[in-house]
Amino acid sequence: MSTATVSASPSLPVIMTLAHRELVRFFRQRNRVFGALGQPIIFWLLFSEGLRGNQLDYAHFFPGTLVMILLFTAIFATITIIEDRNEGFLQSVLVAPAPRWAMVLGKILGGAAIAMIQGLLFLILGALTLGLDSSSAEIALAVVLMGLISMALTGLGFTIAWRMESTHGFHAIMSVFLLPMWLLSGAFFPGGGSGWLAWVIRLNPLTYGVAGLRHYLHFAPQASRGLNAPGPPPLPPVDALPPLAVCWIVTASFALLMLAAAWRIAATRTTGDMK
Amino acid sequence: MPPVRAWTPPNAGNPAPGLALPLTGIDINTMPAIAAHHVSYRYGDRLAVDDLSLEVAEGEVFAFLGPNGSGKTTLFRLLSTLIPLQQGEIAILGHDLRRETTAVRRQLGVVFQSPSLDKKLTVAENLRHQGRLYGLSTSELASRRDELLGAVGLTERANDLVETLSGGMRRRVELAKSMLHRPRLLLLDEPSTGLDPGARSDLWKYLRQVREREGTTIVLTTHLLDEADRADRIAIMHQGKLVALDPPETLRAALGGDAITIKTERPAELAAGIRERFQCEPKVIDGALRLEQADGHQWIARLVEAFPADIQTITLGKPTLEDVFIARTGHRFFGDVPADAETSGKKKRKGRG
Numbered sequence: 449m450s451t452a453t454v455s456a457s458p459s460l461p462v463i464m465t466l467a468h469r470e471l472v473r474f475f476r477q478r479n480r481v482f483g484a485l486g487q488p489i490i491f492w493l494l495f496s497e498g499l500r501g502n503q504l505d506y507a508h509f510f511p512g513t514l515v516m517i518l519l520f521t522a523i524f525a526t527i528t529i530i531e532d533r534n535e536g537f538l539q540s541v542l543v544a545p546a547p548r549w550a551m552v553l554g555k556i557l558g559g560a561a562i563a564m565i566q567g568l569l570f571l572i573l574g575a576l577t578l579g580l581d582s583s584s585a586e587i588a589l590a591v592v593l594m595g596l597i598s599m600a601l602t603g604l605g606f607t608i609a610w611r612m613e614s615t616h617g618f619h620a621i622m623s624v625f626l627l628p629m630w631l632l633s634g635a636f637f638p639g640g641g642s643g644w645l646a647w648v649i650r651l652n653p654l655t656y657g658v659a660g661l662r663h664y665l666h667f668a669p670q671a672s673r674g675l676n677a678p679g680p681p682p683l684p685p686v687d688a689l690p691p692l693a694v695c696w697i698v699t700a701s702f703a704l705l706m707l708a709a710a711w712r713i714a715a716t717r718t719t720g721d722m723k
Numbered sequence: 539m540p541p542v543r544a545w546t547p548p549n550a551g552n553p554a555p556g557l558a559l560p561l562t563g564i565d566i567n568t569m570p571a572i573a574a575h576h577v578s579y580r581y582g583d584r585l586a587v588d589d590l591s592l593e594v595a596e597g598e599v600f601a602f603l604g605p606n607g608s609g610k611t612t613l614f615r616l617l618s619t620l621i622p623l624q625q626g627e628i629a630i631l632g633h634d635l636r637r638e639t640t641a642v643r644r645q646l647g648v649v650f651q652s653p654s655l656d657k658k659l660t661v662a663e664n665l666r667h668q669g670r671l672y673g674l675s676t677s678e679l680a681s682r683r684d685e686l687l688g689a690v691g692l693t694e695r696a697n698d699l700v701e702t703l704s705g706g707m708r709r710r711v712e713l714a715k716s717m718l719h720r721p722r723l724l725l726l727d728e729p730s731t732g733l734d735p736g737a738r739s740d741l742w743k744y745l746r747q748v749r750e751r752e753g754t755t756i757v758l759t760t761h762l763l764d765e766a767d768r769a770d771r772i773a774i775m776h777q778g779k780l781v782a783l784d785p786p787e788t789l790r791a792a793l794g795g796d797a798i799t800i801k802t803e804r805p806a807e808l809a810a811g812i813r814e815r816f817q818c819e820p821k822v823i824d825g826a827l828r829l830e831q832a833d834g835h836q837w838i839a840r841l842v843e844a845f846p847a848d849i850q851t852i853t854l855g856k857p858t859l860e861d862v863f864i865a866r867t868g869h870r871f872f873g874d875v876p877a878d879a880e881t882s883g884k885k886k887r888k889g890r891g
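Going down the list, the sequences are from chains A and B.
Count along the first sequence from 1, then add 448; that gives the number in the numbering used here.
Count along the second sequence from 1, then add 538; that gives the number in the numbering used here.
If you are wondering where the hints come from, they were derived from the structure by calculation, not from laboratory data.
Source: prediction; values computed, not measured.
Certain hints may be false.
A short, non-exhaustive set of chain A residues, derived as facing chain B with CB atoms under 7 Å [what the hints assert, rightly or not]:
#1 Pro458
#2 Leu460
#3 Val462
#4 Thr465
#5 Arg469
#6 Arg473
#7 Gly536
#8 Phe537
#9 Gln539
#10 Ala544
#11 Ala588
#12 Ala709
All C-beta atoms in this analysis are idealised placements derived from N, C-alpha and C, irrespective of residue type, glycine included.
Let the sequences and hints guide you as you build the complete structure.
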């Protein structure tokens, strides 16, 4: 037997094919498209309208809503690993002679790509309704940062979902962990809160993703006052945000750490395969 | 546990007596498809596979037969590399399962009990993903896809979503999917579960074709006696142990005669009576007496004359695989299935029309 037959399958086609599968599945299930994009847009409208009196407006909530879209889409894309396992698809992937890291990366890249498509759609919506004031270089950097945030969140979703046996348990995690994580990322509260809350926000890696996007995405002044309400621009001054370099370092480390965690956990076998 | 006879592969080509095979010989014809030595596996406290050793020759159709909970599915997961080997050694086509996992996976085609097809994708898309996972090139993939879809009679359904196919068709796509990379050993876990008799015999027709054309060794698990009967050899499993290993005819012939079943209201008394009068040992199984004897028809007359009042019904049959199972284990084949194992098995099979 030649040695060529013993090597693992080439990684790139494995990554591409699994990522492609995620995209095809996502867009064949219309309710998932609506859930991931529709709910954050509704929240955006409600928060912005409801809290306009507190000097918070559409522009304030825009980066946070963008991150919420990335969060929802990324997380729901990776918890499909639970369905993959229960429906049997995952088993056939696990017994293939492909490197495990390539399987993990394929799944995560697919989820991140779905999140990015939704995020870009929302960015276009924001540019059309609020009038984006950023330079093209700033927009490009914001998109790269969105990519890192998507990778970090899909990695996080994968790590949480790998050992779960049903999607029911996931809803609990969503409400006690993921939604608070989003609320305490600077996406919602202006100025970062005070006391222990300020510390939680400072320790939350997602804070730096949201802050980075605030740096890059500026809106036309009249838009930041809300749809037609008068008043001073209530955006927190940019120098109150963490420095850009810190935003990049923390977000990139968050993404790398989550990828490593996903890879590690995927090397373990779960009771789900024993049934 | 009764001794399991050593078995020589039919295609091994017995060397002349005294001519020892070189130990390092990597003659593909003599390398077993599966060689398992003292394999055990436990889930916590429960021993699911108990010190199992056997060999499967290349080119065989080999069935692991046993009721739910007999350990055959655990064995299947071990062989398919889904769960790690705890104790013992397994070699697949000469590759060590522990150390040469990638080489083993290259040689294996696996059809799981739960369907592994993505229902939201088309048949062709499912096959393309599988081909990529096994490193097939685009042209290889296309020709192999057409060839296999033709072989299982689904060429026209290539661009249909899997969720629109019937259960039998899906199982045929699974078969095509598992054969895409030309595995030398095909493993199937309960391949007929959820299929109607027509789809079941279709599946076997395609399995045999695949084996004819590609020389693939076929190893399956089953809890269906008639399905095991189609195999060249059967390994009967009970409570994690191998209790018999032979061709189906040999297993039946070993019972040496006919199977007589007597229904009675007082099985213990009748068994004692028969024992005393005829010096033979009837078994009491689920309130009925069973007796294996040559010349069963003469025994019927003798028994009815001797115990006219005790016998409600008496039947005579040629031994079936169930009789073999009873003879080897003292249990009815389906009699000792725990209720929860049965229902969880059913629940898992949902969505497989």
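Verification of the hints:
Interface hint at A/Pro458: satisfied, since its Cβ lies 5 Å from the closest Cβ of chain B, which is below the 7 Å cut-off. The interface hint given for A/Leu460 is violated, since its Cβ lies 9 Å from the closest Cβ of chain B, which is over the 7 Å cut-off. Satisfaction of the interface hint for A/Val462 is found here, the shortest Cβ-Cβ separation to chain B being roughly 6 Å, below the 7 Å cut-off. For A/Thr465, the interface hint holds, since its Cβ comes within 7 Å of a Cβ in chain B; the closest pair sits about 4 Å apart.
Here the hint on A/Arg469 is kept, as its CB sits about 6 Å from the closest CB of chain B, short of 7 Å. Taking 7 Å as the C-beta contact cut-off toward chain B, the hint placing A/Arg473 at the interface holds, the least distance being around 5 Å. Below 7 Å, beta-carbon pairs count as interface contacts, and A/Gly536 has one with chain B at about 4 Å; its hint therefore holds. Hint status for A/Phe537: holds, given a least beta-carbon distance of 5 Å to chain B, under 7 Å.
Of the supplied interface hints, the one on A/Gln539 holds, with its beta-carbon coming within about 5 Å of a beta-carbon of chain B, less than 7 Å. Evaluation of the A/Ala544 hint against chain B yields a held restraint, the C-beta minimum of about 4 Å falling below 7 Å. Look at A/Ala588: its Cβ only gets to about 32 Å from chain B, farther than 7 Å, so that hint breaks. Interface restraint check: A/Ala709 against chain B, minimum CB-CB distance 21 Å, threshold 7 Å, status violated.
The structure fails to meet hints 2, 11, 12 from the earlier list, while all remaining hints are met.
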